[in-house]
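Engineer: Sequence:
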Amino acid sequence: MSVDLQSLERIPRHVALIMDGNGRWAQERGLDRVEGHKEGAQSVRAVLRAAAEAGVEFITVYAFSTENWKRPPREIDALMKLLISSLDAYERELHDNRIRMRVMGQFDRLPLPVRARLQKTMDATAHYTDHTFIIALSYGSRTEIADAAKKIAEKVKAGELKTKNIDEQTVAAHLYLPDVPDPELMIRTSGELRLSNFLLWQLSYSEFHITETYWPDFREEQFFHALEAFNERDRRYGGVRKK
990 MSVDLQSLER
1000 IPRHVALIMD
1010 GNGRWAQERG
1020 LDRVEGHKEG
1030 AQSVRAVLRA
1040 AAEAGVEFIT
1050 VYAFSTENWK
1060 RPPREIDALM
1070 KLLISSLDAY
1080 ERELHDNRIR
1090 MRVMGQFDRL
1100 PLPVRARLQK
1110 TMDATAHYTD
1120 HTFIIALSYG
1130 SRTEIADAAK
1140 KIAEKVKAGE
1150 LKTKNIDEQT
1160 VAAHLYLPDV
1170 PDPELMIRTS
1180 GELRLSNFLL
1190 WQLSYSEFHI
1200 TETYWPDFRE
1210 EQFFHALEAF
1220 NERDRRYGGV
1230 RKK
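To get the numbering used here, take the position in the sequence shown, counting from 1, and add 989.
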């Protein structure tokens, strides 16, 4: 059943996605895991289109974690090549929908050709303000928080900041993308029920939508259903349930 976007009273400003199930999708079809990642890249394109249509301003996808560096070198190499080829395919879509692309994570750990291709697309879309597509690459939330703590400590040591003035806003201001609002909705595919070191600080008050659908099968319809589920949530932030 299709979702009537006009009937939704609330659309999340920022949606974060943990794209899980590429490998299982491929294995169940007797395919190499890389084929699952290739099909999953098409789901990213579908979600970008759906988000633009629905009016979602920010989309953050968990593309490659710091833990993913432990995967077999062959798979990592294939993922990096797929990222480059996907950017070639995405770029027209980004321009057509006026979407800015950004990257968060340990950028310097990525191979030089990947960094160069990412930078090319970021520079080409930097002037767009309607929508933002954020790719979490070589990203780990604990590392992000630790890096923020180091920056704050350096400012205290330099006399630029007093310890008594450090609060939640101080920490948030030293995260990788401090100008981006926290996600209101987090979607995880393939039925897994964990955060996997993803946006631990930013997801503190996010609504979670877990679907059994593998990421390669997650397209516009599934995204709209997640928005519909979000619309039905009672977001209290520790307050009293509305009558």
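Any given hint could be a false lead.
[Said to hold, decoys possible] Using 20 Å as the maximum straight-line C-alpha spacing, the simulated SDA-like pairs for lysine to any residue come out as follows:
(1) Lys1140 / Tyr1117
(2) Lys1139 / Tyr1117
(3) Lys1153 / Val1169
(4) Lys1151 / Asp1171
(5) Lys1140 / Met1093
(6) Lys1027 / Ser991
(7) Lys1109 / Gln1158
(8) Lys1151 / Ala1137
(9) Lys1027 / Asp1066
(10) Lys1139 / His1120
[To be verified] The calculated label-pair distances, taken between Cβ atoms and stated as ranges, are:
(11) Arg1060 / Arg1002: 31 to 37 Å
(12) Arg1063 / Leu994: 17 to 23 Å
(13) Glu1017 / Arg1060: 17 to 23 Å
(14) Asp1206 / Arg1063: 20 to 26 Å
(15) His1214 / Ile1134: 51 to 57 Å
(16) Lys1146 / Glu1217: 24 to 30 Å
(17) Ala1138 / Arg1018: 22 to 28 Å
(18) Glu1201 / Val1145: 43 to 49 Å
(19) Ile1134 / Arg1222: 24 to 30 Å
Simulated from the structure, these hints should not be mistaken for laboratory data. None of these values were measured; they are calculated from a predicted model. Heads up, the beta-carbon is just placed ideally off N, CA and C, and yes, glycines get one too.
Engineer: State for each hint whether it applies.
Structural biologist: Now the hints, each set against the structure:
For the proposed pair Lys1140 and Tyr1117, the alpha carbon gap of about 29 Å is over 20 Å, so the pair is violated. Distance hint between Lys1139 and Tyr1117 is unfulfilled; the C-alpha atoms sit about 32 Å from each other, more than 20 Å. As the CA atoms of Lys1153 and Val1169 are separated by approximately 26 Å, the hinted pair breaks the 20 Å bound. Note on Lys1151 and Asp1171: the hinted pairing is violated, with a Cα-Cα distance of about 26 Å set against a maximum of 20 Å.
Using a Cα cut-off of 20 Å, the hinted pair Lys1140 and Met1093 holds, with the two alpha carbons roughly 16 Å apart. In summary, the hint linking Lys1027 to Ser991 is not supported, as the alpha carbons are separated by about 26 Å, beyond the 20 Å threshold. Of the pairs offered as hints, the one joining Lys1109 and Gln1158 is violated, with about 32 Å between alpha carbons and a cut-off of 20 Å exceeded. Between Lys1151 and Ala1137 the CA atoms are separated by roughly 16 Å; this keeps the pair inside 20 Å, and the hint holds.
For the proposed pair Lys1027 and Asp1066, the alpha carbon gap of about 13 Å is at most 20 Å, so the pair holds. Restraint check for Lys1139 and His1120: not satisfied, since their Cα atoms lie roughly 31 Å apart, outside the 20 Å limit. A hinted range of 31 to 37 Å holds for the C-beta pair Arg1060 and Arg1002, which are about 33 Å apart. Taking 17 to 23 Å as the suggested C-beta distance range, the pair Arg1063 and Leu994 does not conform, at roughly 42 Å.
In this structure, Glu1017 and Arg1060 meet the distance hint of 17 to 23 Å, their C-beta atoms being roughly 19 Å apart. Checked against the hint of 20 to 26 Å, the pair Asp1206 and Arg1063 passes, with Cβ atoms roughly 25 Å apart. The hinted range of 51 to 57 Å is not satisfied by His1214 and Ile1134, whose Cβ atoms lie roughly 32 Å apart. The hinted window of 24 to 30 Å between Lys1146 and Glu1217 is violated, with their beta carbons roughly 49 Å apart.
At about 44 Å, the beta-carbon gap between Ala1138 and Arg1018 misses the expected band of 22 to 28 Å. The given range of 43 to 49 Å is respected by Glu1201 and Val1145, whose C-beta atoms sit roughly 47 Å from each other. One distance hint, 24 to 30 Å for the beta-carbon pair Ile1134 and Arg1222, holds here, with the actual separation near 26 Å.
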